[in-house]
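As they're listed, the protein sequences go chains A and B. Following our numbering, the numbering of the first sequence begins with 1 at its first residue and continues without gaps. Following our numbering, the numbering of the second sequence begins with 1001 at its first residue and continues without gaps.
You can take every hint at face value.
Which bits of chain B does chain A cover? Going by a derived footprint, with three or more residues having C-beta under 8 angstroms, they are:
{"hint": "1", "region": "1110-1121"}
{"hint": "2", "region": "1127-1140"}
{"hint": "3", "region": "1282-1289"}
{"hint": "4", "region": "1362-1368"}
Quick caveat, the hints were computed from the structure, so don't treat them as lab data. Every residue, glycine too, gets a C-beta built ideally from N, C-alpha and C.
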Amino acid sequence: MDAILLQILNGLDKGSAYALIALGLTLIFGTLGVVNFAHGALFMIGAFCSVTLQKILTISTISIDETQKDFLGRPLEVKTPIMENWFGPEIGGLIIDWSVPLAILFAIPVMLVIGYVMERGLIKHFYKRPHADQILVTFGLAIVLQEVIKYFYGANPIPTPAPDAFRGSFDFGALLGLDTALAYPYWRLVYFAFSAVIIGAVFAFLQFTTFGMVVRAGMADRETVGLLGIDIDRRFTIMFGIAAAVAGLAGVMYAPINSPNYHMGMDFLVLSFVVVVVGGMGSLPGAVLAGFMLGILESFASMNEIKAILPGIDQIIIYVVAIIILLTRPRGLMGRKGVMEE
Amino acid sequence: MFGTAKRDTALLIIVAILTLFAPFLLNPFPAGSAMAQFNAGYPDLMQRFVIFGIFAIGFNILFGLTGYLSFGHAAFLGVGSYAVVWMYKLLDYNIIWGLPLAIVISGVFALMIGFISLRRSGIYFSILTLAFAQMMFAISYSDLLGRFFGTTITNGETGLQVYRSDPQVLIDSWESVPHLLGLVEMRSTYTMRLGDWSFDFNAGYYFCAVIMLLTFYLAIRIFRSPFGMMLRAVKSNQQRMNYTGLNTRPYALAAFVISGMYAGLAGGLMAAMDPLAGAERMQWTASGEVVLMTILGGAGTLIGPVLGAGFIKYFENIFSKINDNVLHSWFAFLPDGIEDFMVVIVHPFVGKGWHLTLGLMFMLVVIFLPGGLVEGGQRIARLFRRKNARNDAPDGSKTPAE
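Put together the whole structure using the sequences plus the hints.
Structure follows, in structure tokens:
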């Protein structure tokens, strides 16, 4: 029982990341009909927003402290972050400590702008071209974005710690009155809660605002909405920006879980595509459901008991499931009829 | 000749001449001179030109003719490599055993994967092939099959290689170099010196080149055959084909298997040149690379993929060698400040940043030149022809009204 619970918990954080990226992907596909191979790169850029903010906040002034000596007897160099100079060590230290959550505020405008520029500058010109061309150009863009990040940040992963308050683990075993301890890092709980909030916000935005209503109408029948005199293209552009921001936020908060490196986007992209396809192309609830499902499935497959029977199943389980689902339910779990059917 | 039309025969002969004289053509600069870094005529690189040429020709039979964009072709490349290395391990270092096996095994894999993937088309097909290839990458990277059966099959991260303890049943003593029927070693190179110039003639290169010419010829025949016509029809309008009562799937599957076999052959040749097989050959970035080659050269054209493969491999090699010192020597004629500035500007695009250039180039080609280098060449040719036509126009006699 507790082993199963632990695997479900372990699956949640990966599943949250899959769900968020897949949500953005399918949002773009549902609105603009574009297959965005650069979406993983957006996730990666989000993670590097965290890194950047942390670097900015820890810019330090170096002063020489005469009272402290190193072992050679020379005065010690002391680095004081500018933040601590400005706000005092207490508040300044707190700001630095909380740089990852603060990066959310930093990342939202950045990602919106990147998404907007990407759509207006590049993808706009590819609506009438075949899907293969869209895949190819966004694939090229993904390479470019990845290399740009590599140029500025280097090829090694950059550790980006979570705030001190979340560094420990939470004991689920004690909470549920189990005998064994079920330690679970706080930050993963935070990540899950965060992604649930984001997913909820996106759905609420689409469901309860006029803007969202128009977008949903546009997804169902773009031409008619256009004929009603609504500038649907502009709204879809904004949706692209929002999708980029969702991927970016997923990346921002993911930075403490896995140190960001320049190819993390590509690693997630392939899986997110699988998630979108399993969930049903263009179906938002399908993407979320499939994201969590596959994340949890993956963590179940990595249990030692299962690995003893089928070694390495954890690495291929997602693909196997995707292949089975595509063959038996070509539309995916929750795909609508008529979307992407030949 | 060879049962091909005159134009195709001419193309084949041109390609044959170019590949046979490649050691001369690719080494136009004297060895020691400042321009020698642009030489590409050394065996390793030339082998890569033709091997990736084969890979891209095969990919083009699928993508160029039927329009099915596979993102998992590198998987077959890896399968071919593993097959050849296994033959080294079991029999001996003669490449003649491994290559047919590589073709057959990759064909079988392509048949299985294609049979499933081709049930869907468009984006779903791309994702299915991508998923299959990633799955095969994961399997070979951690040697899952081997662990399942309690042995090694792909040897995981280390990659498959030949050890002294391997059976090699056909020989008594241990060999270390791949050879063809014991006649010629793949590594043997004859270096010819003419004054300052030196030219390398490598046995492995010529072996691959001959195979590439054969596969190129085969590709021409496929392109011009009724079968090739059918594949083009699949690309232009599959629905209409279905309405006329024709099942297109066997044709697409045949194209998929053929291109998978080409990839397997290319992978086998890689292992024939260098007796190693690693899982990274199957990664999806490797599949992306062959897509880049085909698109860059011109999908659906005969010569395009070969051009694209040569182009990418050449610039990969040259660009990644350029460092800041080279840049400084290039811009030395400029005033100091501007020189440094130019070096800073160009620096991100060369050396380790070569992939950035590749990505940008690829985007530009997809955006502005969907037909690739071949289309670019045709456009330039048309431009000249139009200019000539305009010059001729005043006479009124040479250009008939259209």
